[in-house]
Amino acid sequence: MNQSDELTLWLAKGWLETSGDQVQALIVDDLGEQVRGGTPLSDGVVALERSDRRAGDFGMAIAGTLLAPVLVRMLKEFWDGYLKELEMETEGALAKKTVELAKHWFGANLIGKRDSVPLERLKQQLEYLVAEKKLTAVEKARLLHALQSDRLQEHLGAEG
Amino acid sequence: MDPGQLRLARAAVRASTVEIRVHQFLLFTIFLPFAGILLPFLGFHIATSLLNSNLSQDWRSWRHVSPSDDRDMLSGSQEFALAGALTTAVLFYGLVRYARGLRSQRMAEETDPRFRPLKPHQGRFLREREALLWREAVQSTSQPPEIVWFPHVAVLARALSSHGTSRIAISTGLWERLEKRDQTAELILLHEMAHLRYQDPERFRRSQAMLRAVQRALSLTFFSFTFIVAFLAIHQGVTLLTHAPLVTLLRQELMILVVGLIVVSLCPITAAIVRRYLGFLTSLLELRADVKAAEWIGGLDSFAEILSANEMVHKSTLTDRSRSWFSLNMTHLSETERIETIRNPTRLLTPKTEYFVFSLVLALVLPFNGLTPLFEGGLADLVVSLAVAVAFAFTTTTMLALAAAAGVRIPAGRLLGLAVGLVVFTAACQLNLYTFAYSLMTIAVEVGLPSPDTPVDLKEIAQDIGSSFRDIGGQLSGVASHGWVACSVLVTFLALLLLVSRARQLFTKHQDRPIRLLLVGLASTAGVILDAYDKWRTSELEGTWLEFLWMRWQEVWTRLPWLRFTLSAVLPLAVIWAISLAKRTGVRASAQSDFLERAP
Chain A
10 MNQSDELTLW
20 LAKGWLETSG
30 DQVQALIVDD
40 LGEQVRGGTP
50 LSDGVVALER
60 SDRRAGDFGM
70 AIAGTLLAPV
80 LVRMLKEFWD
90 GYLKELEMET
100 EGALAKKTVE
110 LAKHWFGANL
120 IGKRDSVPLE
130 RLKQQLEYLV
140 AEKKLTAVEK
150 ARLLHALQSD
160 RLQEHLGAEG
Chain B
3 MDPGQLRLAR
13 AAVRASTVEI
23 RVHQFLLFTI
33 FLPFAGILLP
43 FLGFHIATSL
53 LNSNLSQDWR
63 SWRHVSPSDD
73 RDMLSGSQEF
83 ALAGALTTAV
93 LFYGLVRYAR
103 GLRSQRMAEE
113 TDPRFRPLKP
123 HQGRFLRERE
133 ALLWREAVQS
143 TSQPPEIVWF
153 PHVAVLARAL
163 SSHGTSRIAI
173 STGLWERLEK
183 RDQTAELILL
193 HEMAHLRYQD
203 PERFRRSQAM
213 LRAVQRALSL
223 TFFSFTFIVA
233 FLAIHQGVTL
243 LTHAPLVTLL
253 RQELMILVVG
263 LIVVSLCPIT
273 AAIVRRYLGF
283 LTSLLELRAD
293 VKAAEWIGGL
303 DSFAEILSAN
313 EMVHKSTLTD
323 RSRSWFSLNM
333 THLSETERIE
343 TIRNPTRLLT
353 PKTEYFVFSL
363 VLALVLPFNG
373 LTPLFEGGLA
383 DLVVSLAVAV
393 AFAFTTTTML
403 ALAAAAGVRI
413 PAGRLLGLAV
423 GLVVFTAACQ
433 LNLYTFAYSL
443 MTIAVEVGLP
453 SPDTPVDLKE
463 IAQDIGSSFR
473 DIGGQLSGVA
483 SHGWVACSVL
493 VTFLALLLLV
503 SRARQLFTKH
513 QDRPIRLLLV
523 GLASTAGVIL
533 DAYDKWRTSE
543 LEGTWLEFLW
553 MRWQEVWTRL
563 PWLRFTLSAV
573 LPLAVIWAIS
583 LAKRTGVRAS
593 AQSDFLERAP
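Heads up: the protein sequence lines correspond to chains A and B, in order. The working numbering puts the first sequence at residues 10 to 169. The working numbering puts the second sequence at residues 3 to 602.
With the rest of the complex left out, here is chain A:
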């Protein structure tokens, strides 16, 4: 599993569990298992939305909550961008560093630094997703609340 995939799934799972979206967190957990089994993360996310109606199914197209795939896509973009920026800043040194360090760096940003750049960027992306109607305002509020709560820090610490 590559660094950004691992970080994406780690943060998405912790974030969803903190926000009380246990079933969505289960989806992320399952994506993790698939990625570890060799399925590309993007394929796993696409499969979550693929429709395949067969005899014996209820067979009605009823849309459900898109929280997990939307969040995973958003975080994937976030980590890809951040890892690239950090790599440029450290002139390739990050490539040698472990995922543990990236997790530690993100955790440090969560503690006390409420106006940190990564957190601000995540907030902006959530706003954007609401504007794009991929998230509801209620879901955004719940996620924002979780992002700013100490429980996420504790949760990620325990998971990390």
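Possibly wrong hints are sitting among the right ones.
Claimed, not checked - Straight-line alpha carbon distances no greater than 27 Å define the calculated DSS-like cross-link-like pairs of lysine-lysine that follow:
1. A:Lys112 to A:Lys149
2. A:Lys143 to B:Lys585
3. A:Lys149 to B:Lys354
Unchecked claim - Under 8 Å between C-beta atoms, here's a sample of chain B residues computed to sit facing chain A:
4. Pro153
5. Ala161
6. Gly175
7. His316
8. Ala580
Hint data in this document are derived by calculation from the structure and do not stem from the laboratory. This one's a predicted model, so the numbers in the text were calculated from it and none came from an experiment. For every residue, glycine included, the Cβ atom is placed at its ideal position computed from N, Cα and C.
With chain A held as given, fit chain B onto it using these hints.
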């Protein structure tokens, strides 16, 4: 729970079951034997005859056999036996594919990696809710089905069962909604429970395996036909290459290819007929699960209300609806159509004509292959269209009787629609589209083997094509009987009206009298067969009691043309009257004997 709604839902379940059984019966007795036995046999028989004749001719010329000795290598009975052996091989291959397909589907379902079991600490509320629904709604004392889950954002569920173990696979989208006590989610769970109650998962597996086996057997037949066409084309090429001009060679090759293409079309058309029929049956099973879930949830209206109030349910477009009408991959009606059907008891308690019409169209296209019309004058084609018409008439009359028994008033408009359907389905059996194939084949032969006196030209080709349209026009005008067919619709409508009214009296107290229902259905079947009898395609039946009956009936409708195509409704009405009469006579006789016994 409204008792009226409950009674309605129960009647709808019974009606759906009757509809399903009739279609299943015809699928197994007519369509599958046609696709798996008759069709390959016809193909192989004609192919062996052609090959035998061509190869024998080659053998004779190679060995310089005297022209007086024109015996072929195989006799007629040997050709028949060879075709039979090849057909048996195809049938055996189909059966093996079916058994293998069924086993692999079972295995795939049992070991599907998508479905994850719930861990002991997961889904406590989900398990409790499912057990409650199983106990209270389904009213089953058995263990509730095991829940497995799969990651998907949409609200999905699937009933699974094998070796006596029932499972329901639910998507995370559905799980989340169940946690929120969403009514739609519970309704979906009940729909899956209904599938388990009726053992539908096994049916779905069987029909999938059957469809694949039929398709494989037909593709084998298709490749055999194609091989024979290719052989004939090459054979003709080799024969003519040395001594005939190139133009003659090309013309004859074109002739073989055109005729071959028409004949080979038989396999895809038959595959389409079976596929659509199975799809239609699947959609009926889905609809029955909906109706059963509606019965458990409190009635048809509640079911429709819950779904239509849910904004996340997809609203069907014209494309979705057209898929229900014409698609060969049909498994479910589109969302809006399902809600509309469930909301409307009249539609539930009468045949789903609009989705069945395409089966009739496909059956009518069948003679276009030019091969089956050669078998006993086209009897096989007639039987296929008759089976579709019989299915429609049988379901119409029995379902109307059930609706009447449940006290559901079928509006006159719907009855008129059904009367039109009965007349159209019956009359359509008399249309024979072979004329198109015949024209095309004639043109191909005229091009391939032109007469030296009258060389083929465009005018003649246009005339040939025009004549087939004229023939169809003639067939249609024969069916229309100078407009009397409109009166036939009226008579059929009146017969249905009376049938509903008499059935209400006859069946109300005895809703579950299957023998009576069967008699009604059989009477309508007899009506369709007698009305749709085609003397051109049933020459083999000359002198039989069926032909005798038809002749007598023809004498009647020639004098009273407004009675033509009405038997499918009139005969069941007569049966209902006869049963009522017998019942009344029986009651009177028993009252009289009681009176006599009590008399001093």
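Consistency of the hints with the structure:
Distance check on the hinted pair: A:Lys112 and A:Lys149 sit about 23 Å apart at the alpha-carbon level, within 27 Å; holds. Taken as a hint, the A:Lys143 and B:Lys585 pair is broken in the structure, with Cα atoms around 67 Å apart against an allowance of 27 Å. Among the hinted pairs, A:Lys149 with B:Lys354 is inconsistent with the structure: their alpha-carbon atoms are about 46 Å apart, more than 27 Å. This hint holds: B:Pro153 has a C-beta 5 Å from the nearest C-beta of chain A, less than the 8 Å allowed.
Interface hint status for B:Ala161: upheld, as the beta-carbon distance to the closest one in chain A is roughly 5 Å, under 8 Å. At its closest, the beta carbon of B:Gly175 sits 3 Å from a beta carbon of chain A; the interface hint therefore holds under the 8 Å criterion. Given the 8 Å rule on beta carbons, the hint for B:His316 holds: about 4 Å separates it from the nearest Cβ of chain A. At a threshold of 8 Å, the smallest CB-CB gap from B:Ala580 to chain A is about 41 Å, leaving the interface hint violated.
Hint check: violations occur at hints 2, 3, 8; the rest are consistent with the structure.
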